[in-house]
Amino acid sequence: MKAAVFHGPNQPLKIEQVEIDEPREREVLMRTVASGVCHSDLHFVDGLYPFPPPAVLGHEGAGIVEKIGSQVAYVKPGDHVIACLTVFCGYCEMCMSGHLNLCTNRASTQRGPQDKPRLSQGGKPMGQFADLSTYAEKMLVHENALVKIGDDMPLDRAALIGCGVMTGVGAALNTAKVEPGSTVAVFGAGGVGLAVIQGARIAGARKIIAVDKFEHKLALAKRLGATDAVDASSTDPVQKIRELSDGGVDYSFEAIGLKVAAEQAFECLGSGGVATIVGMVPLG
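Numbering (our numbering), first residue to last: 1 to 284.
Accuracy of the hints is not assured; some may be wrong.
[What the hints assert, rightly or not] Here are the simulated BS3-like pairs of lysine-lysine, each with C-alpha atoms no more than 27 Å apart in a straight line: (1) Lys-213 - Lys-240; (2) Lys-213 - Lys-124; (3) Lys-148 - Lys-138; (4) Lys-207 - Lys-217; (5) Lys-217 - Lys-177; (6) Lys-148 - Lys-217; (7) Lys-116 - Lys-2; (8) Lys-213 - Lys-116; (9) Lys-138 - Lys-14; (10) Lys-148 - Lys-207; (11) Lys-259 - Lys-217; (12) Lys-207 - Lys-240; (13) Lys-177 - Lys-124; (14) Lys-177 - Lys-67; (15) Lys-2 - Lys-138; (16) Lys-222 - Lys-177; (17) Lys-14 - Lys-76; (18) Lys-240 - Lys-217; (19) Lys-240 - Lys-259; (20) Lys-177 - Lys-14; (21) Lys-177 - Lys-138.
Source of the hints: derived by calculation from the structure; they are not laboratory data.
Please model the complete structure; the sequences and the hints are all you need to start from.
Right, here's the structure in full:
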């Protein structure tokens, strides 16, 4: 199959032939129909986070099941699925307490060093990013790395649910637990920030302040639930947020991955407020 191969930081990805194995007992082989290009992947390409090459990046995908392992019961060939970057075993302490995203039993969802690798090139193993590697024509994953969806959902939209939508909506509803009637500030109106805004709206926040440096992003943020917009290119966002929220917001979210924005997310809080740093701030 063809895949976009990562050969090291500050090098362009190259479209190359990659070997993919057949599915084992609890594995699924799927055809990748669509993959989002998440900024997190760019962090690794730019060397801001380490990842050993060679590897296939990508973690925001959707596709159609082609083959299943002998013990797979959740999906069947032909099913439409979204790839999930928090693969879980289902029976470790974290999983049994309902925290599937914090699963610690990686040995049950990955192949061991003595096993044939899922991805290889020239007989040598390749890294599988987030246990997915969506920048490829096909994906070989554990069955718990998939979520089955209806056939009527367009797969190019479904792919974005796998990371951006769930990261943002989940930050508002599950991590911060935004309360009805509260005030919210969101730094960054990209894919994740827009999802945070929608999550805050679903939660019933009465004021949702979007912060960005680009006018078209702020306009889209208001279409998707923001009540106010702050242009950080010409305004001190902390001061403006404090003015709009009578002294500071109840919840703030950083959805960019910038040190200065993370600091501003704390500085704009009111008494007892909670800041949730969603973006991947580079190491150091």
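Hints, one by one, checked against the model:
no., hint, result
1, Lys-213 - Lys-240, "14 Å, holds"
2, Lys-213 - Lys-124, "45 Å, violated"
3, Lys-148 - Lys-138, "17 Å, holds"
4, Lys-207 - Lys-217, "18 Å, holds"
5, Lys-217 - Lys-177, "25 Å, holds"
6, Lys-148 - Lys-217, "31 Å, violated"
7, Lys-116 - Lys-2, "19 Å, holds"
8, Lys-213 - Lys-116, "48 Å, violated"
9, Lys-138 - Lys-14, "16 Å, holds"
10, Lys-148 - Lys-207, "34 Å, violated"
11, Lys-259 - Lys-217, "21 Å, holds"
12, Lys-207 - Lys-240, "14 Å, holds"
13, Lys-177 - Lys-124, "45 Å, violated"
14, Lys-177 - Lys-67, "39 Å, violated"
15, Lys-2 - Lys-138, "8 Å, holds"
16, Lys-222 - Lys-177, "21 Å, holds"
17, Lys-14 - Lys-76, "32 Å, violated"
18, Lys-240 - Lys-217, "18 Å, holds"
19, Lys-240 - Lys-259, "19 Å, holds"
20, Lys-177 - Lys-14, "41 Å, violated"
21, Lys-177 - Lys-138, "36 Å, violated"
Violated hints, listed in ascending order, are 2, 6, 8, 10, 13, 14, 17, 20, 21; each of the other numbered hints is respected by the structure.
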